[in-house]
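S.K.: For reference, the chains in residue letters:
There are 2 protein chains.
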Amino acid sequence: MSASDLALIPFVSVQNMMRLILEIGTETCIAEIETYLEEDFRRWPLFDKTPRVASHSHEGVIELMPTSDGIEYGFKYVNGHPKNMKDGLQTVTAFGVLASVDTGYPLLFAEMTILTALRTAATSALATKYLAPKGATTMAMIGNGAQAEFQALALKTVCGISKVRLFDVDPKATEKCARNLAGSGMTVIKCATPEEAILGAQIITTCTADKKNATVLSDNMVGAGVHINGIGGDCPGKTELHRDIVMRSDVFVEYPEQTRIEGEIQQMPEDFPITELWQVMTGEKPGRTDDAQQITLFDGVGFAIEDFSALRWLRDKVSNGRFCHMLDMVADPDDPRDLFGMVQRERERMSAA
Amino acid sequence: MSASDLALIPFVSVQNMMRLILEIGTETCIAEIETYLEEDFRRWPLFDKTPRVASHSHEGVIELMPTSDGIEYGFKYVNGHPKNMKDGLQTVTAFGVLASVDTGYPLLFAEMTILTALRTAATSALATKYLAPKGATTMAMIGNGAQAEFQALALKTVCGISKVRLFDVDPKATEKCARNLAGSGMTVIKCATPEEAILGAQIITTCTADKKNATVLSDNMVGAGVHINGIGGDCPGKTELHRDIVMRSDVFVEYPEQTRIEGEIQQMPEDFPITELWQVMTGEKPGRTDDAQQITLFDGVGFAIEDFSALRWLRDKVSNGRFCHMLDMVADPDDPRDLFGMVQRERERMSAA
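Taken in order, these protein sequences are the chains called A and B. Numbers 489 to 841, taken from my numbering, label the letters of the first sequence in order. Numbers 489 to 841, taken from my numbering, label the letters of the second sequence in order.
Think of the hints as simulated: they come from the structure by calculation, not from any bench. Some hints could be false.
Chain copies aren't distinguished; within one or between two, either way the pair holds.
Derived SDA-like pairs (lysine to any residue); straight-line CA-CA distance at most 25 Å [claimed, not checked]:
| id | residue 1 | residue 2 |
| --- | --- | --- |
| 1 | 574 | 588 |
| 2 | 571 | 588 |
| 3 | 651 | 674 |
| 4 | 773 | 755 |
| 5 | 622 | 675 |
| 6 | 537 | 527 |
| 7 | 574 | 700 |
| 8 | 660 | 836 |
| 9 | 537 | 749 |
| 10 | 660 | 830 |
| 11 | 574 | 560 |
| 12 | 805 | 623 |
| 13 | 805 | 816 |
| 14 | 574 | 590 |
Here chain A stands alone, though its shape is the one from the complex:
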């Protein structure tokens, strides 16, 4: 590959991401990303890991999430602004880059608002596959915002869930979610209270957006034999579960250094016992040991390696040149030491054109 080829970086726009999903199907996208995720979770120790770099303000947070497997480097820019919604803006938007460790040159630049929704859903499905009680068929979905449909379809396609029970403090969100899932083949039940939503559910997924310590689930609501994906509690001061639920649960996390700051376990002492999810996958640590007596909690906050997996998937998907266009992102002088001369020679190219 010549330098000039490397200077043009494939870019996946929002529109191209949507068209890719429409061509392949949302469920297939999620199922494929889940296999990339599992591959990367199984080689977790070799990644260069660091807690995300967060810039907090009164209104929200902007984060950079880098990681590397030694061959490729990836990072995501992502914001979280709960107050955006009332202004008609997304709470979470994201974009990211995959790059070559060998040259430092970018390999792919992509929208990641939609891709993050896919990878977050795929991560819940991956955790659920390893942790839910056998034969689980029903999920309660608490919080019916931008993530909800993706979570439901992920658990359908990866874990065989056939029934979803929806609750949101805003009934309009539940209506929207039920409408979007109408043709999915799942049985969709709109519920008026969280208590109603969790009736008969072996899996409970919480995904709410308020930047505060909330109690989406209180202790007396949750019985044993349940798996919880706690997705919405993902920054300091933002939790969803009563600490007594956390206390009764076996807790599984992505990257402890980050989860202890951002996850549900920020409510717990520093040495509160947790298991790293990758260790369950490699068989180093037990996952669920009892279908009836145990509560498993995946305290998901989202980690850079998951974005890396998603970017790897996307790069492979667009390697044929479809669903992307080339961006003139990297300066590429014929003589790499002659950046100045390159700018000057552009004048000649402009005159010639």
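Fit chain B to the known structure of chain A by using the hints.
M.R.: Only chain B this time, still in chain A's reference frame:
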């Protein structure tokens, strides 16, 4: 501004960056950026500051450099791969984003390989303006690579330097640099040794790329009454000056937490005295106090705030819609909670088109 307007982000490509520079002129660009830099250095304490997040490999480094003034947030992706040059690739490439702290939405996405050269040169000029002996007319430029011409023009336009003495271990680099500066109005002298280059120079700028502890300048070469811009030593294990020179100098830095790890002062004890450059500008600390007896050393490693200043300048330059095009980077559903529905409705748009 509607959500849809916010979803399209202005992008400054390499070509547009070159055309902007050609229209305005390199010197004017640097002079303008220098004023943005000075503005931000003067309000240094209010910035959200963190050392850059570096991912080191055997071949190089990939870094993310974020900062925020509370109103806007900026970050740069930048690599440093000295071995790239022999493969015809750039040692340093970069791109970056300016975003709104209030919404987390990006405001500008830009190539920064060329922009970094401009801001690095402007930063040297800013430091030199405050620290060089009065009446300085001659700069020795040690290292005639991709940065060299920008450094020379910056010191011409901001500091009134009229003569530049060039040295590089590779005479071809010196030839290239001399050729590019031929029409600049500066007197350009090609030198065969570093000793020759620094003859009669009141300012010495070192900008070499080897990722190792080198001795571009040895102690006996440097007399008093000189200002040094040490630009090339910018990561752990990469320095340019003999420690005895550093010992004899009054050292000025951008962000001590980063410079003690990455700069020339990584050779010195933890408590080696330094002055923060911004404090010289605000008058809190003295800069040069003696034109004849003192060596001042600007131990420049590059800091995120400088990229922030450069991105602010670029945003203002392209605010009229010229030299950029709009990128479909942020997903923008009509109902922010209906990301899933947005993807589905793209199918209808595709059918309608």
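S.K.: Give a verdict on every hint.
M.R.: Hints and how they fare:
For the identical chains of this complex, residue 574 and residue 588 are inter-copy neighbours only, at 17 Å across copies versus 39 Å inside a copy, given an alpha-carbon limit of 25 Å. With identical chains, the CA atoms of residue 571 and residue 588 are at most 25 Å apart between copies only, with a shortest distance of 14 Å across copies and 36 Å within one. Only within a single protomer do residue 651 and residue 674 lie at most 25 Å apart by alpha-carbon distance; the minimum there is 5 Å, versus 76 Å between protomers. When the C-alpha separation of residue 773 and residue 755 is checked against a cutoff of 25 Å, the pair qualifies only within one copy, where the shortest distance is 24 Å, while the shortest distance between copies is 45 Å.
Proximity of residue 622 and residue 675 under a CA criterion of 25 Å is satisfied intra-copy only: 19 Å inside one chain copy versus 80 Å between copies. When the C-alpha separation of residue 537 and residue 527 is checked against a cutoff of 25 Å, the pair qualifies only within one copy, where the shortest distance is 16 Å, while the shortest distance between copies is 36 Å. Proximity of residue 574 to residue 700 under the C-alpha cut-off of 25 Å is restricted to the intra-copy arrangement: shortest distance 17 Å within a copy versus 53 Å between copies. Proximity of residue 660 and residue 836 under a CA criterion of 25 Å is satisfied inter-copy only: 23 Å between copies versus 59 Å inside one chain copy.
Both within a single protomer and between protomers do residue 537 and residue 749 lie at most 25 Å apart by alpha-carbon distance, with minima of 15 Å and 20 Å respectively. Proximity of residue 660 to residue 830 under the C-alpha cut-off of 25 Å is restricted to the inter-copy arrangement: shortest distance 16 Å between copies versus 56 Å within a copy. Taking CA atoms no more than 25 Å apart as the test, residue 574 paired with residue 560 passes between copies only; the shortest distance there is 21 Å, against 38 Å inside one copy. Taking the closest pair of Cα atoms, residue 805 and residue 623 never come within 25 Å of each other, the shortest separation being 33 Å inside a single copy and 61 Å across copies.
In this homomeric assembly, residue 805 and residue 816 come within 25 Å of each other (Cα to Cα) both inside a single copy, at 21 Å, and across copies, at 19 Å. For a Cα distance limit of 25 Å, the shortest separation of residue 574 from residue 590 across copies, 13 Å, qualifies, whereas the shortest one inside one copy, 44 Å, does not.
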